[in-house]
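Trainee: In case you want the letters, here they are:
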Amino acid sequence: MAWFKKTKKPLASSTAEKPSRVPEGLMVKCPGCGQVIYNKDLEKNLAVCPKCAHHFRIGAAERLASLFDAGRWTEHFPDLTSNDPLKFTDTKPYRDRLRSSIKSTGLKDAVIIATGRLDGLDVVIAAMEYSFIGGSMGVVVGEKITRAIEIAVDRRQPVIIVSCSGGARMMEGALSLMQMAKVSAALARLDRAKLPYISVLTDPTTGGVTASFAMLGDLNIAEPKALIGFAGPRVIEQTIRQKLPEGFQRSEFLVDHGMIDLVIDRRELKAALARALRFMRAQPAPVEAGTPDAEILVVAGAVEPERQN
Amino acid sequence: MPSDTLEFEEPIAVLLKEIEALSMMPQTDQRQQSIDGLYRRIESIRGEIYKHLTPWQRVLVARHSNRPSVLDYVNRLFTEFTEIAGDRRFADDHAIVAGFARYKDEPVLIVGHHKGSGGDTKQKVFRNFGYAKPEGYRKALRAMKLAEKFQRPVIAFIDTPAAYPGVESEERGISEAIAFNLREMAALDTPIVVVVHGEGGSGGALGIAIGDRILMHEFSIYSVIPPEGCAAILWRDSARKVEAAKALKLTAPDLLGFGIIDEIVPEPIGGAHTNHELAAALLDTALERTLASVSAMDPVTRLETRYQKFRAMGSVGITEP
Ligand SMILES: [Zn+2]
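So the protein sequences, as listed, match chains F and C.
First residue of the first sequence? That's 0 in numbering that gives the first Met the number 0, and the numbers climb one at a time after it.
First residue of the second sequence? That's 0 in numbering that gives the first Met the number 0, and the numbers climb one at a time after it.
Please keep in mind that the hints were generated in silico from the structure rather than gathered at the bench.
A portion of the hints provided could be inaccurate.
Stated by the list, open to error - Covered stretches of chain F, going by a simulated chain C footprint (3 or more residues, C-beta under 8 Å):
| hint | region |
| --- | --- |
| 1 | 41–47 |
| 2 | 186–192 |
| 3 | 238–247 |
Ideal Cβ positions, reconstructed from N, Cα and C, are used throughout, including at glycine.
Whole structure, please, built from the sequences with the hints as guidance.
Mentor: This is the structure:
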């Protein structure tokens with residue numbers, strides 16, 4: 000590991016802390032190239048910088064809109080909420096954190112489960128929402144993703160999980176940890192049923208999410224330069240007492256080390272998923288009536304999905 | 000030895016020092032009576048202290064450097080232990096032990112983290128303090144697949160601070176190694192009994208901790224994050240670890256209440272580190288009964304039950320309108 004000591008560049012995480020989400024306002028300066036871009040142009044380009052291809056972070060609804068045909072999908076289990084099983088309080092009660100995240104995101108927790116068509120193929124997609132407590136996985140995220148996989152086994156459809164998460168949710172303690180086991184067990188059943196599972200890893204995907212479903216895809220696909228790892232860069236630095244090299248734990252690093260199948264530009268993602276799913280024998284099929292759960296048909300504009308019953 | 004006492008065992012440390020002083024003097028009957036009396040006082044003080052341990056104190060007990068290791072249990076409860084090495088991919092990881100042995104005369108497969116407990120610094124370094132790397136998880140799974148192939152039960156001993164958070168862990172895919180174990184252990188077609196006997200450190204623990212029954216020692220902990228790490232992130236102050244330990248609900252009774260573990264294994268008064276023999280005997284009782292009951296299940300039912308067991312985890316924390 001001598002090559003590290005020569006590296007003068009600081010910790011990779013320094014770039015991760017740059018605001019990557021599309022900020023409010025008319026224009027935004029790209030953290031990749033410094034170019035000033037109109038938000039409207041950025042949105043049309045799936046929040047990818049037209050000049051340098053920097054991938055801004057996008058929300059779960061925008062993600063689904065970019066993948067489902069005509070931006071239409073059916074949402075499942077939208078109303079599951081955490082009841083704060085640990086009665087957890089740090090500097091403020093977890094209940095309050097939940098309440099304010101619910102208010103600011105319009106979601107009840109950090110994942111949206113959706114079914115619909117991707118290039119004519121019936122698929123189940125779970126998209127994680129980073130702005131909901133860092134996309135962390137607690138009992139609700141674990142339960143919803145498990146149910147998504149069970150729907151897929153039931154209907155014999157492929158599963159796509161788009162990860163964007165800091166890992167397990169501390170405020171739900173060991174119950175969060177167990178969601179790693181729960182989702183992985185469901186994926187074992189999907190695997191045994193010979194159904195496709197594609198994991199899409201976006202910036203960031205770390206901790207217990209990486210160490211469970213995000214690494215278990217038949218294909219693991221990453222967006223460019225996404226931070227992907229188990230331990231956080233700061234924890235590793237403290238362990239080895241050295242600065243980490245630039246690019247450590249980025250998508251391209253994981254490809255080099257054999258952990259990711261391919262890195263794909265967001266603008267090419269849907270086409271790549273469709274190709275892979277066809278190889279995996281995903282079938283176009285008529286949309287079924289669905290599960291007894293409350294379903295919401297969502298017709299997405301790029302940003303504000305319109306919910307109808 | 001006073002050096003073995005924990006910070007909250009100060010009254011015991013004082014008495015141990017008195018005993019030490021008395022022992023250095025020429026032996027007389029009277030002196031021996033005083034020493035015996037002091038030992039009895041230690042026992043009663045210990046009993047009192049351990050009846051009311053706080054979560055943070057349990058963390059300290061769970062991490063005690065003389066807490067029995069997987070091999071301490073193996074040496075006392077198993078015979079003919081044959082350790083096997085290596086993941087057939089990269090290396091042998093000494094932070095996870097794997098091998099076969101006999102338990103109650105029946106062949107079983109053992110996997111377990113080893114922190115180097117009871118050993119000197121050199122042995123702890125050899126074990127990497129129980130921080131396993133990808134090759135450790137892959138070795139464990141390779142061993143467990145062997146158990147599946149030959150239809151032998153697996154007993155997994157859990158005691159790790161965490162998976163190793165280092166550069167080579169990331170390079171060699173620690174996430175994938177843990178994730179793959181979670182998936183494969185969920186479907187491993189042979190009985191698995193998990194014993195969380197020390198520190199259940201997050202994903203590093205869970206990576207070999209999927210099973211039909213989860214036993215947990217009385218003073219063990221099992222947590223999504225170490226209290227120090229939790230305090231550093233949420234309070235921005237790792238000194239608030241005591242509060243974090245309480246908030247995280249990481250004790251055996253907590254986890255039993257959440258349905259994460261099935262049974263609490265009692266420990267000697269004062270913790271397993273004070274009496275390895277008794278600790279092993281207490282585990283023996285629970286282990287024999289548990290292993291017999293999961294081994295008696297028909298395989299299809301056992302796998303379905305294992306799935307449903309983990310499937311149900313977390314339901315207690317969900318409100319569904
Ligand atoms: Zn740019």
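Trainee: Decide, hint by hint, whether the structure agrees.
Mentor: To see whether the hints hold, each was checked on the structure:
no., hint, result
1, 41–47, "violated (count 0)"
2, 186–192, "holds (count 5)"
3, 238–247, "holds (count 4)"
Hint check: a violation occurs at hint 1 only; the rest are consistent with the structure.
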